[in-house]
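*Asks:* Go ahead and model the full structure; you've got the sequences and the hints to work with.
There are 2 protein chains.
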Amino acid sequence: MSKIFKQVPLYRFLDLCNNSAVEKSVLDCGAGGAQPPLSLFASHGYKTRGIEFDVKQAAKANDFGTNNNQQLNVEIGDMRSLKMADASIGFVYSYNSVFHMKKVDVKKSVEEMIRVLKPGGLLFVNFLTTNDFRCGEGPCVGPNEYEQMDDEPVIHSYYDPNEADVYFKDMEFVYKENRVLERIYEGSKIRQGFVDYIVRKL
Amino acid sequence: MSKIFKQVPLYRFLDLCNNSAVEKSVLDCGAGGAQPPLSLFASHGYKTRGIEFDVKQAAKANDFGTNNNQQLNVEIGDMRSLKMADASIGFVYSYNSVFHMKKVDVKKSVEEMIRVLKPGGLLFVNFLTTNDFRCGEGPCVGPNEYEQMDDEPVIHSYYDPNEADVYFKDMEFVYKENRVLERIYEGSKIRQGFVDYIVRKL
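Residue numbers (my numbering), protein chains in the order written: chain A, 86 to 287; chain B, 86 to 287.
Certain hints may be false.
Which copy is meant is left open, so a pair is good if it fits within one copy or across any two.
[To be verified] Taking lysine to any residue and the SDA-like style, the derived pairs with C-alpha atoms no more than 20 angstroms apart in a straight line are:
(1) Lys203 <-> Ser110
(2) Lys132 <-> Asp100
(3) Lys91 <-> Leu101
(4) Lys132 <-> Ser87
(5) Lys254 <-> Ile275
Calculated from the structure, these hints are not laboratory results. Just so you know, these numbers come straight off a predicted model, no measurement behind them.
*Replies:* So this is what it looks like as structure tokens:
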């Protein structure tokens, strides 16, 4: 009986990775937190590595690994500038993470993810969409970019459902899903919007 | 290392079921096929039961169970008229299945799923939406209901994203996701539309 991870769209990505011939190594960009999906990949035999901006969140992820007899290798870093060689890792994903920056930085980050990926390797990355209930909230700092208050002030960048297609113009299309979900959060129904991409490096 | 099931949205449903206090018994309506998600529930300790219209598909599901040392209990039946007592099972789901009927029959089936569910139990059911690329294809047999050719002629009913809300008016809302996905099928990019509901019986 295996643990269920809340980052549900990554199950599809993992299944595609499992059916790929590329080396089983994976990088998570934005890898921190108390339930790190790198653990799911580790349990499927992947050599894992993670990049995380926040020291506490990185520690939580590594602790989760330790408690499950896994070495997840979550390091402090900046996904806009990965300290990794070109074409050095089989799979890369970034789940609910890359949009915590202005779009100019999102673009840099996606370019970095693509740079470090081996040819034939798969990339999963998702974005907030303009369908999200918080799009428009807070001081606007760019095109659908807002400074919003979570535990501390953070940037959220929102994309039209096709706006990020251009980031992947040199990649092979595998899967795209535009999702509008409603759920109960702190007693109220909220609406969130995400678009998920899975692409292959040529 | 556990198998990944292709019915990805059911991972979220299973996680919610695992966090519920209701008895761990589950019914799958449309349970047949070579990769039955009932196996995932069985591996998490659920007593399973399935209803399937097609004899061959039911056998495939039970064979998968046998090969994995599980007794999945997929039986031939009609989800419009479940041979089960009221409030007799903890959880019910129907994944990519109920829309293979006219809407009058879909309604009957959902009412049956709700009838057999225990109070506090959770239901997952999803529908094709009018965003799907096949909506409008083939002879129209009702409001967004079409007779289409798969391996044999089948009915597909398509729903506006909020159209099925009324089926769940007496249930507690838990989760709803309106998904438009693009993927490669037989060499071409296709667009599919689904809306998934998770609701709780009061």
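*Asks:* Evaluate each hint against the coordinates.
*Replies:* For each hint, the structure was consulted:
1. For the identical chains of this complex, Lys203 and Ser110 are intra-copy neighbours only, at 10 angstroms inside a copy versus 44 angstroms across copies, given an alpha-carbon limit of 20 angstroms.
2. In the homo-oligomer, the alpha carbons of Lys132 and Asp100 lie at most 20 angstroms apart inside one protomer (16 angstroms), although the nearest pairing across protomers, at 26 angstroms, exceeds that limit.
3. When the C-alpha separation of Lys91 and Leu101 is checked against a cutoff of 20 angstroms, the pair qualifies both within a copy, at 18 angstroms, and between copies, at 10 angstroms.
4. Within a single copy, Lys132 and Ser87 get their C-alpha atoms as close as 19 angstroms, and across copies as close as 17 angstroms, so both meet the 20 angstroms cut-off.
5. Proximity of Lys254 and Ile275 under a CA criterion of 20 angstroms is satisfied inter-copy only: 18 angstroms between copies versus 33 angstroms inside one chain copy.
In summary, the structure agrees with every hint in the numbered list given earlier.
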